[in-house]
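Undergrad: Here are the chains, one letter per residue:
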Amino acid sequence: MNRQAQSAVLFLLGAALWHAGTTDLYLRYVKAGLRPLLLAAAVVLVAAAVASVGYGWRAARRGAATGPGSGSESEYESEYEYEYESGPECGPQSGSESGSGRPAGSAGHGHHAPHVSWLLLLPLLALILVAPPALGSYSATRTGTALQQPLAYPALPATDPLRLSVVDYAGRAVYGRGRTLEGRRVQVTGFVAVDRAGTPYLVRMALNCCAADAQPVKIGLIGAIPPVLQPDTWLTVTGTYTPRTAKDPVNGGPIPFLRVTAATPVPVPHDPYDESWNT
Amino acid sequence: MALTKSAPQEATPHDEPGGSAPTGPQRRVTSPLVLILVLLLLVTFQGPVRRALSAPVMQSWTTVFVAVVVQALPFLVLGVLLSAAIAVYVPPSFFARALPGRPALAVPVAGLAGAVLPGCECASVPVAGALVRRGVTPAAALAFLLSAPAINPVVLTATAVAFPREPRMVVARLAGGLLVACVMGWLWQRLGRTDWLRPPRHAPHEGATRGETFWNSVRHDVMHAGGFLVLGATAAATLKAIAPQSWLRTAAENPVVSVLALAVLAVVLSICSEADAFVAASLTQFSLTARLAFLVVGPMIDLKLFAMQAGTFGRAFAVRFAPATFVLAVAVSVLVGTVLL
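Residue numbers (UniProt numbering), protein chains in the order written: chain A, 1 to 279; chain B, 1 to 341.
Just to be clear, a hint being listed does not mean it is correct.
Calculated pairs, SDA-like style, for lysine to any residue (alpha carbon to alpha carbon, straight line, at most 25 Å) [claimed, not checked]:
1. A:K247 to B:P244
2. A:K247 to A:P157
3. A:K247 to B:E253
4. A:K247 to A:V174
5. A:K247 to B:W247
6. A:K247 to B:Q285
7. A:K247 to A:T236
8. A:K247 to B:T284
9. A:K247 to A:I225
10. A:K247 to A:A158
11. A:K247 to B:R249
12. A:K247 to A:P200
13. A:K247 to A:G220
14. A:K247 to A:S165
15. A:K247 to B:T44
16. A:K247 to A:A263
17. A:K247 to A:G176
18. A:K247 to A:T261
19. A:K247 to A:P150
20. A:K247 to B:Q46
21. A:K247 to B:C182
22. A:K247 to A:R142
23. A:K247 to B:L112
24. A:K247 to B:L37
25. A:K247 to B:N254
26. A:K247 to A:P231
27. A:K247 to A:D160
28. A:K247 to A:W234
29. A:K247 to A:R179
30. A:K247 to B:S287
31. A:K247 to B:V109
32. A:K247 to A:G223
Calculated directly from the structure, the hints in this document are not laboratory data.
With the sequences and hints as input, model every part of the structure.
TA: Here is the structure:
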């Protein structure tokens with residue numbers, strides 16, 4: 001890849017990051033706290049692309065001024081190539097960073113990025129064209145529940161119904177034995193996942209940093225479950241605490257249950273992941 | 001402007017930017033042309049591409065893949081900026097003056113200097129090459145080569161972010177990385193032979209001005225390290241989305257196998273050291289010691305580093321240095337993991 005192509009890829013990459021960072025798109029992949037870094041990286045990438053094109057033009061103009069046979073980028077590159085071929089003591093990499101990363105013996109130009117750079121097109125296209133959704137029921141059923149014991153059970157507000165996150169409900173139900181939930185009507189939002197045995201779960205993926213480390217926290221559903229449950233549908237479920245628990249078939253982790261009284265489909269929330277563990 | 005891949009000597013410079021047909025005797029497909037074609041093809045066929053990626057496995061794969069890249073890119077850019085600034089604005093002679101004359105002392109000092117100088121492993125190989133060129137004793141330069149990507153502030157910050165509940169992981173990584181770097185430096189001093197080394201000669205990215213050199217270095221490092229980052233993300237996403245959980249669980253159950261499995265995984269995945277902590281954090285089935293081995297081995301030796309070391313220092317060097325580093329890194333992580341974790 002030569003200088004122009006590299007600049008184009010850098011620019012597109014910066015633009016894609018900027019797009020992801022300025023919309024909610026980035027929340028499908030990384031935690032909310034990474035946003036300033038994403039935007040800063042986007043600015044640097046675009047600046048690098050602009051600077052690169054600018055210096056390329058300047059070098060070309062310099063070359064044009066000094067007469068024929070010199071200048072223009074090809075001159076640079078042929079110079080590097082010449083040095084590369086010029087002697088055995090000058091290693092195959094010409095000592096330039098661009099050469100490193102390839103096995104000795106592969107040809108290199110000072111201004112050519114190695115072939116591996118082409119791979120940068122993959123995330124670019126995945127982000128722009130596909131924009132894959134946040135992790136859903138496929139990952140949730142393959143991965144065991146990651147419920148951790150809460151440090152404390154803060155007093156809950158006296159609202160009705162009581163809005164709780166999946167992680168909060170599951171922690172209180174399993175480790176707090178439901179003491180703080182008795183007699184309350186709770187409302188929980190998550191997506192539907194159905195395991196091999198047909199048990200429906202309400203799931204929220206909990207995130208430490210990015211989707212690569214996302215792990216599900218699951219609540220089993222019993223009671224007035226909607227007759228048709230489409231996996232990956234987002235639901236707000238209203239129900240009451242039930243002492244029933246089960247073991248996750250994947251890792252044996254505890255799964256509490258919720259007795260459903262009503263369930264309404266809702267749009268995918270602003271941040272599809274639960275980030276309460278980050279604080 | 002001429003855009004040929006193997007640029008022939010041109011009689012006249014071309015003026016129209018983006019012109020794709022050089023007048024030279026070798027007509028070649030140029031990279032901007034290929035780039036435009038690839039983009040056009042993919043935009044044209046985005047429907048089938050989307051459909052192919054809509055299966056749950058592929059969707060989950062793509063999400064993890066994009067997530068690893070998006071999450072690591074800011075750290076990569078930060079590291080590349082800092083390493084370019086150091087490469088351009090700090091003269092290499094400074095390091096030669098700053099190091100003690102006795103090699104045995106210079107090794108730990110260079111190891112510690114690596115902890116202060118940020119940059120990922122892709123940047124540290126050329127810097128170490130430059131150090132050797134400027135007369136720094138090879139043992140010290142190698143200690144720097146190993147320690148800089150493993151324990152610099154950017155990497156340690158990323159580790160702390162990735163392991164919010166395990167601050168000991170940061171300490172263990174620092175201790176393990178520094179120990180391996182120093183021991184390898186001393187080993188080289190005792191056993192190493194200069195004729196294994198083939199120091200590079202040519203200064204990288206010379207531009208007309210410092211600004212040009214700086215941006216050339218940034219552009220190159222992002223393209224280069226970014227490519228390897230994508231490679232690592234591909235492997236990580238495949239592992240996460242396709243490999244059955246039972247494999248990893250089986251490997252994770254045995255303490256010896258788990259350490260070896262993650263050490264080998266670190267070599268194969270070749271993840272940039274600025275991003276590997278997040279991958280390690282996601283391998284929750286494994287013990288902290290095994291994940292420490294992943295974090296200590298990864299920045300010191302992996303497939304892409306081996307290629308880079310062979311390119312910069314010569315193959316005779318790399319085939320001796322890389323296996324020794326691997327064995328030592330695994331041993332040290334087990335030791336540090338037992339003591340600290």
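Undergrad: Decide, hint by hint, whether the structure agrees.
TA: Status of the hints after comparison with the structure:
no. : hint             : verdict
1   : A:K247 to B:P244 : holds (19 Å)
2   : A:K247 to A:P157 : violated (30 Å)
3   : A:K247 to B:E253 : holds (19 Å)
4   : A:K247 to A:V174 : holds (11 Å)
5   : A:K247 to B:W247 : holds (21 Å)
6   : A:K247 to B:Q285 : holds (17 Å)
7   : A:K247 to A:T236 : holds (23 Å)
8   : A:K247 to B:T284 : holds (18 Å)
9   : A:K247 to A:I225 : holds (20 Å)
10  : A:K247 to A:A158 : violated (31 Å)
11  : A:K247 to B:R249 : holds (17 Å)
12  : A:K247 to A:P200 : holds (14 Å)
13  : A:K247 to A:G220 : holds (10 Å)
14  : A:K247 to A:S165 : holds (20 Å)
15  : A:K247 to B:T44  : violated (48 Å)
16  : A:K247 to A:A263 : holds (24 Å)
17  : A:K247 to A:G176 : holds (17 Å)
18  : A:K247 to A:T261 : holds (23 Å)
19  : A:K247 to A:P150 : holds (19 Å)
20  : A:K247 to B:Q46  : violated (42 Å)
21  : A:K247 to B:C182 : violated (48 Å)
22  : A:K247 to A:R142 : holds (14 Å)
23  : A:K247 to B:L112 : violated (48 Å)
24  : A:K247 to B:L37  : violated (52 Å)
25  : A:K247 to B:N254 : holds (23 Å)
26  : A:K247 to A:P231 : holds (20 Å)
27  : A:K247 to A:D160 : violated (30 Å)
28  : A:K247 to A:W234 : holds (23 Å)
29  : A:K247 to A:R179 : holds (21 Å)
30  : A:K247 to B:S287 : holds (22 Å)
31  : A:K247 to B:V109 : violated (53 Å)
32  : A:K247 to A:G223 : holds (19 Å)
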